[in-house]
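Asks: With chain A held as given, fit chain B onto it using these hints.
Residue numbers (this note's numbering), protein chains in the order written: chain A, 1 to 567; chain B, 1 to 567.
Errors might be hidden in some of the hints.
Note: identical chains are not told apart, hence a pair may lie in one copy or across any two.
As the list claims (entries may be wrong) - DSS-like, lysine-lysine: derived pairs with alpha carbons at most 25 Å apart:
1) Lys261 to Lys445
2) Lys20 to Lys153
3) Lys49 to Lys292
4) Lys448 to Lys195
5) Lys170 to Lys342
6) Lys350 to Lys339
Since the hints were made in silico from the structure, they are not lab data.
There are 2 protein chains.
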Amino acid sequence: MFEIRAKDGLGRIGRLEVNKKVVETPALMPVINPKKNVISPRELQENFKVQMIITNAFIIHESTLKEKALEKGIHGLLEFDGIIETDSGSFQLMTYGNINVTNREIITFQNDIGSDVSTFLDIPTLPEAPYEEAEKDLIKTLKRAEEAQTIKKGAMNGTVQGGNFLPLRKKACKALGTLDFEIHPIGAVVPFLLKYQFTPLVDIILTCKKFLPVERPVHLFGAGHPLLLAFAVLLGCDLFDSAAYVLYAQGNRYLTPFGTKNLEDLIMFPCECPVCTGSDPESVSHLPPEEKVQFLTNHNLYVTFGELRKIKQAIHEGSLWELVESRIRNHPNLLESYKIIKKYSPFLEKFEPFTKRTGFFYTGAESRYRPLCKRVRTRMASVRGERFHHPVFGEVPVSLSQTYPFHTDEVFSVTEADIIKGVAVYQFGPRAECLFEKVEITYGKTGKIRHVHENGVLLATLRPMDGLFVLTMEGAQKLHALLPFCDRRVITDEEAVPFVKEGKDLFAKFVVDLDVTLRPNEEVLLIDRNDVLLGVGKLLLSPEEAKSFKKGVAVQCRRGAHAVSDP
Amino acid sequence: MFEIRAKDGLGRIGRLEVNKKVVETPALMPVINPKKNVISPRELQENFKVQMIITNAFIIHESTLKEKALEKGIHGLLEFDGIIETDSGSFQLMTYGNINVTNREIITFQNDIGSDVSTFLDIPTLPEAPYEEAEKDLIKTLKRAEEAQTIKKGAMNGTVQGGNFLPLRKKACKALGTLDFEIHPIGAVVPFLLKYQFTPLVDIILTCKKFLPVERPVHLFGAGHPLLLAFAVLLGCDLFDSAAYVLYAQGNRYLTPFGTKNLEDLIMFPCECPVCTGSDPESVSHLPPEEKVQFLTNHNLYVTFGELRKIKQAIHEGSLWELVESRIRNHPNLLESYKIIKKYSPFLEKFEPFTKRTGFFYTGAESRYRPLCKRVRTRMASVRGERFHHPVFGEVPVSLSQTYPFHTDEVFSVTEADIIKGVAVYQFGPRAECLFEKVEITYGKTGKIRHVHENGVLLATLRPMDGLFVLTMEGAQKLHALLPFCDRRVITDEEAVPFVKEGKDLFAKFVVDLDVTLRPNEEVLLIDRNDVLLGVGKLLLSPEEAKSFKKGVAVQCRRGAHAVSDP
Numbered sequence: 001m002f003e004i005r006a007k008d009g010l011g012r013i014g015r016l017e018v019n020k021k022v023v024e025t026p027a028l029m030p031v032i033n034p035k036k037n038v039i040s041p042r043e044l045q046e047n048f049k050v051q052m053i054i055t056n057a058f059i060i061h062e063s064t065l066k067e068k069a070l071e072k073g074i075h076g077l078l079e080f081d082g083i084i085e086t087d088s089g090s091f092q093l094m095t096y097g098n099i100n101v102t103n104r105e106i107i108t109f110q111n112d113i114g115s116d117v118s119t120f121l122d123i124p125t126l127p128e129a130p131y132e133e134a135e136k137d138l139i140k141t142l143k144r145a146e147e148a149q150t151i152k153k154g155a156m157n158g159t160v161q162g163g164n165f166l167p168l169r170k171k172a173c174k175a176l177g178t179l180d181f182e183i184h185p186i187g188a189v190v191p192f193l194l195k196y197q198f199t200p201l202v203d204i205i206l207t208c209k210k211f212l213p214v215e216r217p218v219h220l221f222g223a224g225h226p227l228l229l230a231f232a233v234l235l236g237c238d239l240f241d242s243a244a245y246v247l248y249a250q251g252n253r254y255l256t257p258f259g260t261k262n263l264e265d266l267i268m269f270p271c272e273c274p275v276c277t278g279s280d281p282e283s284v285s286h287l288p289p290e291e292k293v294q295f296l297t298n299h300n301l302y303v304t305f306g307e308l309r310k311i312k313q314a315i316h317e318g319s320l321w322e323l324v325e326s327r328i329r330n331h332p333n334l335l336e337s338y339k340i341i342k343k344y345s346p347f348l349e350k351f352e353p354f355t356k357r358t359g360f361f362y363t364g365a366e367s368r369y370r371p372l373c374k375r376v377r378t379r380m381a382s383v384r385g386e387r388f389h390h391p392v393f394g395e396v397p398v399s400l401s402q403t404y405p406f407h408t409d410e411v412f413s414v415t416e417a418d419i420i421k422g423v424a425v426y427q428f429g430p431r432a433e434c435l436f437e438k439v440e441i442t443y444g445k446t447g448k449i450r451h452v453h454e455n456g457v458l459l460a461t462l463r464p465m466d467g468l469f470v471l472t473m474e475g476a477q478k479l480h481a482l483l484p485f486c487d488r489r490v491i492t493d494e495e496a497v498p499f500v501k502e503g504k505d506l507f508a509k510f511v512v513d514l515d516v517t518l519r520p521n522e523e524v525l526l527i528d529r530n531d532v533l534l535g536v537g538k539l540l541l542s543p544e545e546a547k548s549f550k551k552g553v554a555v556q557c558r559r560g561a562h563a564v565s566d567p
Numbered sequence: 001m002f003e004i005r006a007k008d009g010l011g012r013i014g015r016l017e018v019n020k021k022v023v024e025t026p027a028l029m030p031v032i033n034p035k036k037n038v039i040s041p042r043e044l045q046e047n048f049k050v051q052m053i054i055t056n057a058f059i060i061h062e063s064t065l066k067e068k069a070l071e072k073g074i075h076g077l078l079e080f081d082g083i084i085e086t087d088s089g090s091f092q093l094m095t096y097g098n099i100n101v102t103n104r105e106i107i108t109f110q111n112d113i114g115s116d117v118s119t120f121l122d123i124p125t126l127p128e129a130p131y132e133e134a135e136k137d138l139i140k141t142l143k144r145a146e147e148a149q150t151i152k153k154g155a156m157n158g159t160v161q162g163g164n165f166l167p168l169r170k171k172a173c174k175a176l177g178t179l180d181f182e183i184h185p186i187g188a189v190v191p192f193l194l195k196y197q198f199t200p201l202v203d204i205i206l207t208c209k210k211f212l213p214v215e216r217p218v219h220l221f222g223a224g225h226p227l228l229l230a231f232a233v234l235l236g237c238d239l240f241d242s243a244a245y246v247l248y249a250q251g252n253r254y255l256t257p258f259g260t261k262n263l264e265d266l267i268m269f270p271c272e273c274p275v276c277t278g279s280d281p282e283s284v285s286h287l288p289p290e291e292k293v294q295f296l297t298n299h300n301l302y303v304t305f306g307e308l309r310k311i312k313q314a315i316h317e318g319s320l321w322e323l324v325e326s327r328i329r330n331h332p333n334l335l336e337s338y339k340i341i342k343k344y345s346p347f348l349e350k351f352e353p354f355t356k357r358t359g360f361f362y363t364g365a366e367s368r369y370r371p372l373c374k375r376v377r378t379r380m381a382s383v384r385g386e387r388f389h390h391p392v393f394g395e396v397p398v399s400l401s402q403t404y405p406f407h408t409d410e411v412f413s414v415t416e417a418d419i420i421k422g423v424a425v426y427q428f429g430p431r432a433e434c435l436f437e438k439v440e441i442t443y444g445k446t447g448k449i450r451h452v453h454e455n456g457v458l459l460a461t462l463r464p465m466d467g468l469f470v471l472t473m474e475g476a477q478k479l480h481a482l483l484p485f486c487d488r489r490v491i492t493d494e495e496a497v498p499f500v501k502e503g504k505d506l507f508a509k510f511v512v513d514l515d516v517t518l519r520p521n522e523e524v525l526l527i528d529r530n531d532v533l534l535g536v537g538k539l540l541l542s543p544e545e546a547k548s549f550k551k552g553v554a555v556q557c558r559r560g561a562h563a564v565s566d567p
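Same shape as in the complex, but just chain A:
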């Protein structure tokens, strides 16, 4: 039900389908109070293109709305035909310590009202709880998770608990991962958010990401402040929910990606959204209370959804790390928490694209934490020849001076033979040193190396965007012959073989296995189980994703084997 459309860091633009309804992730679900709302679900859909909302089944269950919900269904009750996720009362459990409904009852109720994504009654543990309590809570949560398996109809949240203890979070992820859940919320994080305790939060998120099934979307339960969104997406969170837009509005608070402001502290609106553009803080402060809340609610939604669009655009162009490194400067604790990514660098590196649409931008000392930095040091070690000093990556072979991420305006004296050899080794490993031994080179309009031919046959094109090779089928055949089995290969399921041969994309569900050292956006060799070369293309996912996802394209195939025999 979930597929990846674009990637950067652990962040992804995804497509989540529930009951034939689709939401593009990262998505923020506005929290709908079933009893009253400042902005109706219908307005959210029309004005803000909201495709998914969340409401609380427990509150409905305990209120006079219960009968109406059972009669009309949750979609009828809320007058919303998009995806509706329901919470189970866990939050109330955390707040009040006890509630009057069982796990079975609340799941059954969610089934009965036709929730698209329901939630079992997990036990949230407060951050300050001792280990024993957190463990006890988790054991109960996991029992309920198992119980839920027999009751659930349709998609369900498998919420991760474990308090402030990473081993418990890990245990929860492993246990829940073996069960049939469609989405994994990370639970009980609100107390961290309220106290701006981002360091333990980042630690928890990355632990969960490491141990949850890679193909299931992750929901950062209770998070939706635009200050944190970009970073949380980079860490692999796909879904968010937020009541902040309206709760903050009711407290005269104004959301921005650089923090929360009080209306009375503003002399002008630091925002270009439709409501802010036509007004000013002085005028808004004199509005009747209801109109003021309406105004701030609208602003809070515009700025939040605007930030989500900025994030998606950044994923698309490969500049999500840069966006995050700009955002983390907006709170000292956020900047501090960024250090945690160093600890998870080997894990993060597996998901990090090999090349991107936009160049590597250094935004300060923090940029060195990016997993890319470590990777390129290893990769370029195999490339021989003279070095130049790169301010971020150290001693870089001059043959790579026009290649992502080293690109520099400095000009070096380097032979063309060295460039094509250097790039080939960087891209395909030391064995590719002789890939382009006796070749003819042609040049682009700017005088740079463009095509590499051998005996009149085109083997590869050096892409101007990133200075990396794109192989033809003939180039792929040469590489295939040079590299040992497994290396650079993606093994295609029988069923997909004829399609790949035609040059059609390879879907993740037909990936039998692949070289686990590959990275997203790398050039790959598509083979059958007998190592017969079927095609060449670009891997879009990390190896683990390519093996685990059931939906979406894993390899964008550029040329199929049939193309060779074409006249």
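Replies: Positioned in the frame of chain A, the structure of chain B alone reads:
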């Protein structure tokens, strides 16, 4: 004609009055093509609250519009009743090398069409020009500037030239500063902007700021990209102009504070402005060419004016450095150019407020370049007692742990006597050590020190916001007695003495002299020429500004001497 309303760094919210029309600075003047425009001046005024525009008198002079302009005046021609600034053809001179109009002719023409701010025919020098050429150009420019003095009517731009040579820029500033000009544009910077050469640009701006009369607004001629605005304002630029909003739109380019994007590279609009919110790049790319330009022009204006509002709000709350340090991450050359501020640190420090509405936020290693860092090291050296290690400021006296900019959540064991002594010394110097010797302390609701009394008389309040003292008249009297003449004093002109005694604010034009070691937002003693204490208040400007400005408040007076004798 210019006054300062709020300050941070060299940045300021100002009020510029020309011909009884007012513009709030920092302001961006949209460049109006007199022959045709995508958005009319009237629409700019109505939809974007534009108070000042710029157009080119030379183009009008050379076109069929000349007669109409002479007949109806420039305001009639453009149908705009705000402030109209006119350029003289210098840009065309730079582009084409030669134009067919004299300095005298074009100034007279600007007089005749009723330009609010005219420009003499200065000679822009390209950055690559050698010193001799830049010097020759400058000598000619300065001659024309002198010639302009006898022809000008109303406000005129005294444009600073000198190419890429700081000594020539300095010479230009000193010469133009002695002449009668109302605004100083910094000229010939567009070539730097086009090549993203921010380091020489920052060097030029700061050199000009250092040697231009402090009371005249500075216009960064040809700059208006939202990427650069925050930094340019921090460096003391008040006015900007931009044709980018429409020229970029015509090239399918989309402005953002994090750089320029091509429409075709966008999958969604990373923006919440009124036009972007309701649309998507795919739809816009299919619009008829004129509508597409209209769309992009509107977006470019919304985002530019939104950025200006963010900047003004940041000045108001004292977070302009933080905003700039977030923005500079968006281009490597911008980040690099930030280092130049170290070179000008002693100059910048004089303008830097002593305290701010919001705390000091560390945004990365670059934060250490702020002039504040050096200042506080000097100031806190006089404070005795135990130290704690502050991550930015080093060894800080524990008595200052609740004071701006050292504020920390850590708790130290320190006596109240030490706190009030430490803060007094930090704020008023070593002689103030005995200011609060035998005092009684009362506490606020949070248990922190609030009031300091002596024999039942309130001397000072420790402001919770920044942990600094606010003096009563009695406290000021004690301080006045302790400190030698000049120290902490602002000398008031006779004319203003009775008003200050009543507790009225002191206007800049009545500042005779003041202690030049004072900084904006410091507590000051208002005295007459005989060192009789008249009042106590907060200095709003830097010493040089307080002495040079002719308009606006220099000291916000809190208590006047008369208040003491009040029953």
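Asks: Next step is simple, just say for each hint if it's right about the structure.
Replies: Outcome of the hint check:
{"no.": "1", "hint": "Lys261 to Lys445", "result": "between (52 Å within a copy, 24 Å between copies)"}
{"no.": "2", "hint": "Lys20 to Lys153", "result": "within (15 Å within a copy, 72 Å between copies)"}
{"no.": "3", "hint": "Lys49 to Lys292", "result": "both (23 Å within a copy, 22 Å between copies)"}
{"no.": "4", "hint": "Lys448 to Lys195", "result": "between (53 Å within a copy, 22 Å between copies)"}
{"no.": "5", "hint": "Lys170 to Lys342", "result": "within (19 Å within a copy, 47 Å between copies)"}
{"no.": "6", "hint": "Lys350 to Lys339", "result": "within (18 Å within a copy, 35 Å between copies)"}
Violation of the numbered hints given earlier is absent; every hint is satisfied by the structure.
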